[in-house]
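Construct the complete structure from the given sequences, taking the supplied hints into account.
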Amino acid sequence: MIKNYIKVSLRFFLRQKLFTTINIFGLTFGLVCFIFMAVWVWDEYSFDRFHKNEDSLYQLFAERDRAGESVIVPYAPSSLVSIIEREVPEVDKIARVFPAHAVFAKAEDTFLEKGIYADPSFLQMFSFPLKEGSITIKEPGSVIISAETAEKYFPGQSAIGQYVDLVQNNRQQYKVTGVLEKIPHQSSLHFDFILPYQHFEDTQRPWWKSSNKYSFSNYNVQVFIQAKPGVVASTLDEKLTTVLKHHSVADTDDALFTYPFADVYLYDDFSGMGSTSGKILYVRLISVVAIVVLLIACINFINLYTVMASKRNKEVALRKAVGAQRKQVIVQFLTESVLIAVASMFLAITLVEMLMPFFNALTGKHIALPYSSSGFLLLLIAASIFIGSLAGIYPALQFSSFGLLPSKQKLNAKAGVTGLRKVLVVFQFSLSVAFIVFSIVVFNQIRFIGHSDLGIQTRNILRHELHGIRGKQEAYKEELLRIPGIQSVSFTEQDPLNTANKNNGISWPGKPEDDKSFFNVIQVSEDFIETFGIDISEGRAFTFKNRSGQLALKQIIINEQAANAMNLSDPIGMELTVWGNKGIVVGVAKNYHHQPLSRQIEPVVILCNPEETWNAYISIEPDHVNTALQDIAVAYQKYEDQHPFDYSFIEQDYETHYAGLTTIGWLSAIFTAAAIFISSLGLFGLSAFLMQQRSKETGIRKVLGADMAGLLFLFSRDFLKLVLIAISIGLPLAWFYAKSWLSDYAYHFELGLLPFVSAGVCAIVIALASVIFNTLRAAMTNPVHTLKEE
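Residue 25 is where the sequence shown starts when you use my numbering, and the numbers rise one by one after that.
Check the hints yourself; a few may be wrong.
Stated by the list, open to error - With a straight-line cut-off of 27 Å between C-alpha atoms, the simulated DSS-like cross-links for lysine-lysine are:
#1 Lys138 to Lys117
#2 Lys138 to Lys614
#3 Lys130 to Lys76
#4 Lys76 to Lys206
#5 Lys351 to Lys31
#6 Lys76 to Lys155
#7 Lys41 to Lys763
#8 Lys237 to Lys76
#9 Lys351 to Lys76
#10 Lys138 to Lys155
#11 Lys206 to Lys237
#12 Lys117 to Lys351
#13 Lys614 to Lys526
#14 Lys263 to Lys252
#15 Lys31 to Lys76
#16 Lys763 to Lys303
#17 Lys130 to Lys662
#18 Lys117 to Lys155
Since the hints were derived computationally from the structure, they do not count as laboratory data.
Next up, the structure:
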């Protein structure tokens with residue numbers, strides 16, 4: 025019986041080549057888009073979920089000054105860890121992690137590697153499998169490396185027991201005690217090596233120890249906790265906060281809280297206060313797009329299959345006349361729709377495999393379909409059967425109910441099918457219009473970010489770490505300024521475009537006792553304002569010699585937002601104390617974007633303190649960039665011979681920060697084009713069917729004198745009505761979602777009428793282009809051919 029169903033289905037497909045081809049390719053295209061988006065979403069959701077202790081792993085966060093501005097940071101005091109271990113029984117294991125950078129030297133090979141300092145419990149908590157050696161991270165002079173690092177320095181041999189030179193503050197020999205398996209790309213923790221944390225703190229950060237009472241207010245390291253089974257997070261948070269309050273000397277209402285480690289990757293933005301966001305916004309967006317594209321493809325499939333089935337009244341009547349039961353007719357229709365769905369799925373998987381390298385390059389992923397998983401294969405089969413059944417169930421039920429059809433019953437059935445087609449066309453074009461608007465909005469926001477006046481110069485400014493040049497900055501700067509094309513050189517403590525170290529360690533005359541305002545402090549050298557082209561609204565920039573009578577005071581420049589926060593109408597000459605450093609305000613800088621555009625400009629204090637700078641920023645004339653690079657490298661190596669010259673341009677760093685948004689923009693554009701193509705493909709198929717149905721009407725109208733323009737208007741009018749209804753539904757939906765999405769950016773372009781008008785016009789043009797070919801072909805056909813049967 026099944027064989028007969030399949031044979032009849034294949035014969036039917038051969039008779040309806042055009043509609044079958046359109047149906048298969050429309051559904052294939054939709055499935056390709058859905059699969060790509062689904063695997064991207066799945067990959068994002070899978071981050072950090074490979075750890076065996078996933079359910080009990082937490083990262084420790086601090087909420088500073090809950091009664092005031094409430095700033096959340098992903099760090100905790102290092103000195104508090106040993107106390108938590110003793111006093112909080114709900115904690116099973118706890119580990120500190122801090123970034124580490126070192127130059128690995130083996131024979132003549134030297135590379136800058138990125139690693140971490142970690143406590144011994146780190147590898148007991150996290151599932152980073154050991155390839156060989158030991159997971160103990162305790163002994164000074166020992167190092168655990170990744171499999172990639174081992175292969176780089178010890179190719180074809182065991183690295184265990186081997187020695188490698190590490191250059192940080194000085195050159196030191198380390199013994200390899202362990203090699204980890206390759207770290208999964210779906211890990212937010214990536215490192216080339218692990219060094220003992222305690223030795224690092226003992227030698228390089230002794231002021232972080234509990235012997236310093238102020239250390240309990242210094243939020244400096246990432247802390248991870250593995251809770252004991254059955255522990256309630258809220259109870260754990262209360263106990264952690266109690267421990268903090270007992271030891272902290274800060275006069276602010278600070279608190280500690282845990283957040284599931286597996287969720288931190290997606291929910292990494294706590295700036296909303298009370299709600300978390302981050303990458304999850306993009307994941308939800310792409311999830312919606314994936315579902316909508318698949319829905320449009322399924323609607324297209326249902327529409328065209330309904331059209332194909334509506335021409336089979338005589339076949340159904342004949343089957344019933346020779347004794348076929350209704351359920352047999354239903355199975356026949358479902359078999360045909362499932363066969364189309366299976367063929368489409370097969371083609372979709374083939375195309376996905378062919379296009380996967382390009383998709384991975386676009387998204388920066390390493391995705392591969394898991395064909396070895398029986399669950400994945402079963403999912404594909406089940407999805408094909410489900411989509412095919414969904415598309416075929418309506419025509420199967422509708423047409424299997426026919427008897428030896430009277431003409432009235434035929435008309436009623438056709439009216440019902442036509443009504444369904446109209447609803448489905450309106451629905452899919454409404455979604456397509458909304459897609460067009462949103463794609464325009466995303467690209468406008470990307471363009472806005474790329475062309476915004478940040479208030480700070482980013483073009484042709486090179487950045488590198490100082491390393492061993494610290495303490496010799498002035499000599500290095502003089503060397504650089506002798507290079508043709510170098511405009512200025514400045515040294516800073518941190519990235520001027522990502523200054524977000526909020527703290528309230530600022531005091532000024534007249535500061536209210538209850539003022540808990542937070543300020544972002546950046547320590548710089550004297551050339552900072554000139555190097556970054558920041559405008560001064562009051563006062564002056566830094567000078568290389570303090571004015572007479574002010575030798576004991578450091579120079580300070582505040583931004584306009586800081587002046588407002590301090591409620592100072594004339595801040596020039598005002599004395600400030602920053603972290604115990606007394607200084608005098610010499611200027612007020614115009615507000616500039618010191619952090620991403622998704623956040624508001626905040627108070628910034630720029631402290632001229634060259635001794636505490638770690639990075640060099642070199643402004644180069646545009647015509648000298650390539651030649652100056654070689655000379656800068658020579659000058660760098662003259663003062664730093666241990667670390668390689670590793671540099672970047674801050675304009676590229678700025679663009680990299682928004683790479684995720686750019687990727688989302690391209691994905692939205694590609695899949696919007698896919699949705700439009702699928703919708704227009706369906707409209708093309710529908711118009712071809714209707715032109716076939718009305719071929720005799722067209723011939724009669726031509727015989728009676730109808731011209732080409734009149735016929736085009738007549739046959740396009742019904743489709744345009746549907747598209748106009750779809751536009752009226754899709755545009756308000758798009759406006760609501762676009763406003764909601766833009767609200768996540770503190771600074772965004774002004775949403776006007778242009779995206780909506782463009783989407784409406786685009787939808788009309790696409791609709792006309794989809795139907796005009798079939799309309800013209802019908803209008804140009806000689807009436808003799810269409811009326812000869814009459």
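Now the hints, each set against the structure:
{"no.": "1", "hint": "Lys138 to Lys117", "result": "25 Å, holds"}
{"no.": "2", "hint": "Lys138 to Lys614", "result": "36 Å, violated"}
{"no.": "3", "hint": "Lys130 to Lys76", "result": "35 Å, violated"}
{"no.": "4", "hint": "Lys76 to Lys206", "result": "17 Å, holds"}
{"no.": "5", "hint": "Lys351 to Lys31", "result": "18 Å, holds"}
{"no.": "6", "hint": "Lys76 to Lys155", "result": "17 Å, holds"}
{"no.": "7", "hint": "Lys41 to Lys763", "result": "44 Å, violated"}
{"no.": "8", "hint": "Lys237 to Lys76", "result": "37 Å, violated"}
{"no.": "9", "hint": "Lys351 to Lys76", "result": "50 Å, violated"}
{"no.": "10", "hint": "Lys138 to Lys155", "result": "20 Å, holds"}
{"no.": "11", "hint": "Lys206 to Lys237", "result": "41 Å, violated"}
{"no.": "12", "hint": "Lys117 to Lys351", "result": "63 Å, violated"}
{"no.": "13", "hint": "Lys614 to Lys526", "result": "19 Å, holds"}
{"no.": "14", "hint": "Lys263 to Lys252", "result": "14 Å, holds"}
{"no.": "15", "hint": "Lys31 to Lys76", "result": "51 Å, violated"}
{"no.": "16", "hint": "Lys763 to Lys303", "result": "18 Å, holds"}
{"no.": "17", "hint": "Lys130 to Lys662", "result": "22 Å, holds"}
{"no.": "18", "hint": "Lys117 to Lys155", "result": "23 Å, holds"}
Going through the hint list in order, the structure does not satisfy hints 2, 3, 7, 8, 9, 11, 12, 15.
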